[in-house]
Amino acid sequence: MLPIPAEELNGSGTLGPYWTFYRAVAAEQLNRWLPGQPSVILDLSGGRGRWSGQAARAGHRVIEVLDFRRTVDAQSRLRDADRVRHVRADDLSFLPDESVDAVLAEERAMSVELMAESAMSDVARVLRPGGRALVCVDSLVLGMAILAEQGQWQHLRQTGEVMLVPWPDGSITRCFSSGQLRELLVGAGLEVEWMRPRTVLSPSTVDHVLSSDARALSYLVRTELEAHPDDDDTVGIHLVASARKR
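Read in order, the letters of the sequence shown correspond to residues 1 to 246 in UniProt numbering.
A couple of the hints might just be wrong.
Unchecked claim - Derived Cβ-Cβ restraints for the label pairs, each shown as a range: (1) A214 with M115: 23 to 29 Å; (2) P35 with A216: 14 to 20 Å; (3) L164 with G36: 36 to 42 Å.
Claimed, not checked - Straight line, CA to CA, 20 Å or less: simulated EDC-like cross-link-like pairs of lysine to aspartate or glutamate: (4) K245 with E117; (5) K245 with D169; (6) K245 with E98; (7) K245 with D213; (8) K245 with D82; (9) K245 with E149; (10) K245 with E191; (11) K245 with D207.
Hint data in this document are derived by calculation from the structure and do not stem from the laboratory.
Quick caveat: nothing in here was measured; it's all calculated off a predicted structure.
Heads up, the beta-carbon is just placed ideally off N, CA and C, and yes, glycines get one too.
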C-alpha cells in the first residue's frame, strides 16, 4: 500500500471513497472489539463523540475525556447523553485504580500524546484485571512519507529510534513501528492480543471497486477484516492493537 499524502489525512482531499471505507472498517473493528456485556468504557479519543456514541449505543456506559485543544460539537455531546459522561482533564488522576473495563485510544491518541509511556501506564492503572485497551497510532510508513514530502531525508534512516514528525500545522506526531507499539503496551503491563495495520487494501483498490459498485463497501470491509497481516508495519498509515491487563 502506498503512503497516503499528508494533505489527505484529514479526509478532505480527493480520497473520499477510501475514507468512507476507512471509517467503516474502524467502526466494524470497534463493534467486534467491544465487550459482550454492559461495561464501563473510558474514551481517550479526543472528544469528538464518534467512538463514545458507538459504545453507548451498544449498551455501555462511557467516560469521554474531552480534548482541550479542540472544539467539541455540541450535537455530538447531546447524543447518547444518558450513557456518556464528559470530563475535561489533562490526565487520568480523576479516576481511581481499576475502575473501568475497557479503554479506547482511537484518533491517534497515543501518537499525539508525546509522553505515551506515562499515558499508557495510567491506562493500565485504571483498567480492571482482564480489562482491555484498543489503541490506534501513526505508523512509521506515515512518518517516513511525511518526512520525505518535507525533504528530511537524513531522518529516514533513524527507524530504530523514536520518530517525532512535525506536521505543516505545527503539531508533532509520534510514529510507531509494530515493535515499538508492542513495547509501549507491554511496558505498561499489558498483554498484546493482536496488532495490525488498520487497512491493508490500497486507496486505488478501494476507489476502483467502489466506483464500479457502491454496494461493494460491506464486501470490502469484510475482506479487510478477514485479512491477518499481524504485526506488519510495512503497509498502512495507522497501526491498531488490542491489549489486555493481566
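Here's how the hints hold up against the structure:
Range check, A214 to M115: Cβ separation about 43 Å, and the 23 to 29 Å hint is violated. At roughly 31 Å, the beta carbons of P35 and A216 sit outside the given window of 14 to 20 Å. Separation of L164 from G36 is about 38 Å and conforms to the stated range, judged on CB atoms against 36 to 42 Å. Proximity of K245 to E117 is assessed by CA-CA distance (about 15 Å); at most 20 Å being required, the pair is judged to hold.
Restraint check: the Cα-Cα separation between K245 and D169 comes to about 36 Å, which exceeds 20 Å; the hinted pair is violated. Taking the CA atoms of K245 and E98, the gap is near 10 Å; set against the 20 Å cutoff, the hint holds. Only pairs whose Cα atoms come within 20 Å are accepted, and K245 paired with D213 is rejected, the gap being roughly 42 Å. Distance restraint check for K245 and D82: the Cα-Cα separation of roughly 28 Å exceeds the 20 Å cut-off, and the hinted pair is therefore not satisfied.
Annotation: proposed proximity of K245 to E149 is violated, straight-line Cα distance about 39 Å (limit 20 Å). Taking the CA atoms of K245 and E191, the gap is about 6 Å. The hint holds against a cut of 20 Å. With a CA separation close to 39 Å, the supplied pair K245 and D207 exceeds the 20 Å bound.
Violated hints, listed in ascending order, are 1, 2, 5, 7, 8, 9, 11; each of the other numbered hints is respected by the structure.
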